[in-house]
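Protein chains: 4
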Amino acid sequence: MTVTTDTTTLESGVRSYSRTWPVTFERAQGSFLHTPDGKEYLDFFTGAGVMNYGHNNPILKDALLQYLAEDNIVHSLDMFTTAREDFLATFTEQILRPRGLDHTVMFPGPGGANAVEAALKLARKVTGRESIINFTNAFHGMTLGALAVTGNSMKREGAGVPLVHSTPMPYDDYFNGDIPDFVYFERLLADSGSGLNTPAAVIVETVQGEGGVNTARLEWLRRLSEICREHEILLIVDDIQVGCGRTGGFFSFEEAGIVPDIICLSKAISGYGLPLALTLLRPELDVWDPGEHNGTFRGFAPAFVTAAEAIRTYWADTTLEDSTVTKGAFVEATLNSIVAKRPEGELTAKGRGLIRGLEFADPDAAQATCRNAFDAGLLVETSGPRDEVIKLLPPLTISEDELTRGLATLRTATMDALG
Amino acid sequence: MTVTTDTTTLESGVRSYSRTWPVTFERAQGSFLHTPDGKEYLDFFTGAGVMNYGHNNPILKDALLQYLAEDNIVHSLDMFTTAREDFLATFTEQILRPRGLDHTVMFPGPGGANAVEAALKLARKVTGRESIINFTNAFHGMTLGALAVTGNSMKREGAGVPLVHSTPMPYDDYFNGDIPDFVYFERLLADSGSGLNTPAAVIVETVQGEGGVNTARLEWLRRLSEICREHEILLIVDDIQVGCGRTGGFFSFEEAGIVPDIICLSKAISGYGLPLALTLLRPELDVWDPGEHNGTFRGFAPAFVTAAEAIRTYWADTTLEDSTVTKGAFVEATLNSIVAKRPEGELTAKGRGLIRGLEFADPDAAQATCRNAFDAGLLVETSGPRDEVIKLLPPLTISEDELTRGLATLRTATMDALG
Amino acid sequence: MTVTTDTTTLESGVRSYSRTWPVTFERAQGSFLHTPDGKEYLDFFTGAGVMNYGHNNPILKDALLQYLAEDNIVHSLDMFTTAREDFLATFTEQILRPRGLDHTVMFPGPGGANAVEAALKLARKVTGRESIINFTNAFHGMTLGALAVTGNSMKREGAGVPLVHSTPMPYDDYFNGDIPDFVYFERLLADSGSGLNTPAAVIVETVQGEGGVNTARLEWLRRLSEICREHEILLIVDDIQVGCGRTGGFFSFEEAGIVPDIICLSKAISGYGLPLALTLLRPELDVWDPGEHNGTFRGFAPAFVTAAEAIRTYWADTTLEDSTVTKGAFVEATLNSIVAKRPEGELTAKGRGLIRGLEFADPDAAQATCRNAFDAGLLVETSGPRDEVIKLLPPLTISEDELTRGLATLRTATMDALG
Amino acid sequence: MTVTTDTTTLESGVRSYSRTWPVTFERAQGSFLHTPDGKEYLDFFTGAGVMNYGHNNPILKDALLQYLAEDNIVHSLDMFTTAREDFLATFTEQILRPRGLDHTVMFPGPGGANAVEAALKLARKVTGRESIINFTNAFHGMTLGALAVTGNSMKREGAGVPLVHSTPMPYDDYFNGDIPDFVYFERLLADSGSGLNTPAAVIVETVQGEGGVNTARLEWLRRLSEICREHEILLIVDDIQVGCGRTGGFFSFEEAGIVPDIICLSKAISGYGLPLALTLLRPELDVWDPGEHNGTFRGFAPAFVTAAEAIRTYWADTTLEDSTVTKGAFVEATLNSIVAKRPEGELTAKGRGLIRGLEFADPDAAQATCRNAFDAGLLVETSGPRDEVIKLLPPLTISEDELTRGLATLRTATMDALG
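Residue numbers (UniProt numbering), protein chains in the order written: chain A, 1 to 419; chain B, 1 to 419; chain C, 1 to 419; chain D, 1 to 419.
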């Protein structure tokens, strides 16, 4: 594989991460990425939360290689395959039912945006309403339906048509606690003259990854769930980035004790970076006609294989969940200690479980910190409307040593950036 | 992998192919799918045109297994990887440039709908217009932007919101040759009082796979391209189903000698059923801001590996292209001989290269033919607005014997169905 | 009333007719307008077809002055008034019922756009569909709902938002007879894969006044009515410009023998230039909730008074209708004789009853003819997408002498313009 | 004028006021309406604020009758007429310029909805943005553009299509003072990730008549104006119901010292119940192409005549303005005394100038009060999302005796209703 062309000129200018990290990566193992010339990078980014079990996780790798070697089916749309049936049974019996969820499983397409599009379409079909409530700084995807409920104005303008049928409501703590939760939303719903189109659904992330690691309190999520129930509005939880154990439990909403009507999963669900997405539906909502929503890559069998294997390996008991909580607390404590070193208001620590954020009052300092970290062999990305929050998404399987080492690098990078 | 649950109850009722073919598939090789109990099915469906090089193609399989075994990078968003660079260079140098195409490559997400959404967004951004011209019986995907340019009314109603910003125009031969090509479209464009919003783009499939194997004549495509140029409307060719050699040349539009402004590829591009999609842009249209369109699974490295290997293996010379044309002619001749056996108008043969259709005046007979074929070990699906067209998408690598055998099965299935 | 300011600078640049006819008018009587300095203009424009009974018609004037002098109610929203009741009874008993129309009367607001907006809203409410079929070169008004079904691209761009929920179909003779009527519309309706959203309604003008005096044949209207019935699509006739006797019968569609589901009237309905609009509804469609559509000037009592008086005066027998047909035939013959004087294709005569058009192959010549006519004391306006059609809308009450004189002026103006 | 038919069956069920007041009115003079059988009603409704100078005001009546008697022009679209020029000069010189307003005058059509539609269209055209901010419980009209910025859910549902391109913000005191003004709006504007489409304009009523006589504080209006300026958002004041002196000064926003970019006027502008509407534009915003927005009844000359006469009669000095303020204070004091008689929270007095509201905690009591008042010869209507606010709109020219008498009737009606 010798590459002689400068391939950056061959690719659309829309590329972004390769601008932040201008090196070529080749191999990856566990918590590390490697370049051809032997540099290694500790990965606190994990492909935007996709590689929860580490890169090329050996258990999943074995299952995948065996599956492929045996000429099992790779591609089959929504035909029945042994891999599909195994995944459906494993996911339902080991993940859904033990958590009291009676949802059916829909395969809406290969990526998270497909899961969101299917959720929105079904919510509208079921309720006969068109309007969706989203939240400030939400991120749900780039296709037209998903983009309409996404907050980022730069990405919204890429639509080229007005993005309508959605109304943004303030996410938890949007006013720094100065205003009671949901006061605006509840008032608009109660007032028949408010001008708010009655919503089909609310779509929410329990932690807003792209939006800046904004973390909803559990009571805020519970109240949101109650409001939805009171007004017969469907509750969609987009657990694409923070589901699959990122916050501790398999679903990020478990801790709040709520049961969403529709749940979107993708990213880490296959456990190996293989494209897969699920939309989980309360069974009474599953009013699709056969084939009413379809698509080519809905049954990517290798992803079923690694996904089922990941469930068997990591979700048969609470070992991973417990370790995520413990590691998360360690990261939190470390971030707090960094924050405490700096003047009040310069830094803020955020997050839950193993999605953590370090918010900088000065976005330039966040950028500089990222660059410093990269130079020191640590991959962290920024998020938030002004790219002012460093987002930490280490593998859930990261070792304590790696975690300690990465956080030390981050501390130094931060201090150097802040001067 | 012992499955004890009846997994059909665990899955959303939206599933469709598993209703047509109520068996569980396990393995696949070349032109065949196999069930656990040893039955084999000759595959004239190939996952809706995804498996152009046959299932688990051994050359691609070797490359894939080696890549995975060496712990090369699987998931990396749009970071630079050796696999990405190799694909970009190979695709550009061996596919694009030899065909006189100077397009840049965008990775819009893992599936075809992502490619279409990105194409539509960019066309609107570039032109500042919102309206898109699509064609009757078009199929471009299930996300909200792609669904708006899709014809099927059942699927459109699944949107739950009015699908707007698009106007359908008659596809080639929509009036059985009774009306001159483009007479309505050109009149509307020429008349400033027509009420047609000036389109940003036209999106077209050269052969409509889902729409019923409707096959545009080359002169129709050329005239469409001219009209677009005359009116400064962008031409988007959705080559997701019939690109990658399905009609002979790598791109289905090559034969017509046109150069689309934007090209959508997916399905067969990876050659191995691995989710990958491309949106190809004339370089002057590549006005995206960095990150303006993003998404998680835009850089699925194993797909890059098999895609590049497929190009090196099958597109270094014209062997595959020539064989596709030859096999296509053979299928055409066979279908014509079946048609000729029946009363005038009962059957019609359609298609180009190795996408072929057999249209039944009676949709029930098409269904019965499919069932007969399945019972005899042949997978063929129907398409068209009334599911009245049997669509043949055999692997391009199918052997002559397999092709002959499958067509014989189809002939018998058809005759039995028609009585 | 001495005006010293140059008031053109005080008014928005959106004004248009005052650019065509840069004089100030003061008084009007019958077929003539007068300026303060004593010039008179024969009016073949009649305020875009508003003054069907001539300016300041003495019979209506008497009724109006008496009504106002007696301090009868002028403004009352939709409260009951004696004037309202008299109008409702007179209109229903003398206009609707004798024509076999059992429609109820809705007062949607003071102008034609209100009548159209109410019609579209009700059609959508009744059918639960959102899409409307309009026709090329239609004109239905400037408010957002009405503008979406209007053809003129300059006016559409004034909306500032994409105008959606409508699809234009070719009006009668859009292809000069080369293509069978409704072939495209019927094909799209019959094909469930066409991509056409099933329409709530079709809105049509029997003669397109603003669109260039395009005149639908009666059999085209009948076939349109049948198609609507076959597909359970509501038929809305916008009779705002050509109803109230303009084509002969009170309604322009009478001659075709069709019964629209919804009828829009305005312009000439008051007979005196007083703002009034009606939306007539087949009783089973009248599913409005009380007050669901409201507005301030829905019950302009002086307009009721003159409207009722006009009905009693002009519609008790067929005198006016007969005379309109006779005069229309005379205008037609005259226009034909003008056309016959010129090379083939340079001029075309169009129209029905007393709405007539003279279409110029060269729009500049149409403009020049208008200016010549104005200089010679005749008011005629142009219409059509390129302002290429001179539109004649003389008062229905015009005398034969006036009509002859005006046509002679037009002939000279035309010949001078064409050189 | 003998009416024998029961005309209620001839009219659409959409009628509403005739349900509240099931009598037929015939004549009107000053503050009173009269029925044919000699009953008289003191009018605290004035046709929803249209008859500010009383019914059939004798000064305006003389001007109108003379104008009509002399056969002056009644209808002329936007042609120059002496009446139009006189109005333009009078309105500009006596109303606009003395108030420091350099706006140009646009005649958008006969009613208030036309004024709003034109304002929204122009705001979008000027800014190139599509989104409008409206307020909770706003009322701006029934046409599709105006309805999208109206709050009432029953009326919104009448649209039959999703009403989009608008986002409601809380009106002044929407949270009873618990939340700082504009905290949500400003936060959304400041946050590029909020998901709010950048607005073209804000449209606001200084007092919400239909919304329940909600009265914005002057500092709230000033802050709104500042926010608009800071963010380059156009400010549209819809002064259709409370302009023309209703709150004291000619424009309701004068007192706040703000200068809106666009102003909508209608209802009372003609002074005689004659349909007329104005859209006033800051001259640099007047970018309309000639004829880009047009319409039939934009130049209703009799309305120009009475409008100009009303300005000369009532706005040459501050007599009317002063008396409105004085009378308003008297009404306020009376309402306060009624409120004080009842338990805390049962009644609330609202309003400014001579638009006043009495809000009932129990909407049924508001209805009963209206009925009691009607039985006692006083016309008052309810407003607000639950029809819980009795709205008082007496003529500005009402005598002290009439005002006192009406308020006494209202007091009794209220007390009887509350028991």
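Read the hints as simulated data drawn from the structure, not as lab findings. As the structure is a prediction and not an experimental result, all values here were calculated from the model. There's no promise every hint is true.
Identical copies carry no separate label here, and so any pair may be met within one copy or between two of them.
[Claimed, not checked] Simulated pairs of lysine to any residue, SDA-like, Cα-Cα distance not exceeding 20 Å:
#: 1; residue 1: 61; residue 2: 191
#: 2; residue 1: 125; residue 2: 16
#: 3; residue 1: 61; residue 2: 27
#: 4; residue 1: 341; residue 2: 417
#: 5; residue 1: 125; residue 2: 311
#: 6; residue 1: 341; residue 2: 412
Checked hints:
In this homomeric assembly, residue 61 and residue 191 never come within 20 Å of each other (Cα to Cα): the closest approach is 55 Å inside a single copy and 43 Å across copies. Taking the closest pair of Cα atoms, residue 125 and residue 16 come within 20 Å of each other only across two copies (19 Å); inside a single copy the shortest separation is 36 Å, beyond that limit. Taking the shortest alpha-carbon separations for residue 61 and residue 27, both the intra-copy value of 14 Å and the inter-copy value of 19 Å come in at or below 20 Å. Within a single copy, residue 341 and residue 417 get their C-alpha atoms as close as 14 Å, which meets the 20 Å cut-off; across copies the closest is 67 Å, which misses it.
For the homomeric pair residue 125 and residue 311, neither the shortest alpha-carbon distance inside one copy (32 Å) nor that between copies (43 Å) is at most 20 Å. Taking the shortest Cα distances, residue 341 and residue 412 sit within 20 Å of each other inside one copy (12 Å), while across copies they are farther apart (71 Å).
Hint compliance for this structure: hints 1 and 5 are broken, all remaining hints hold.
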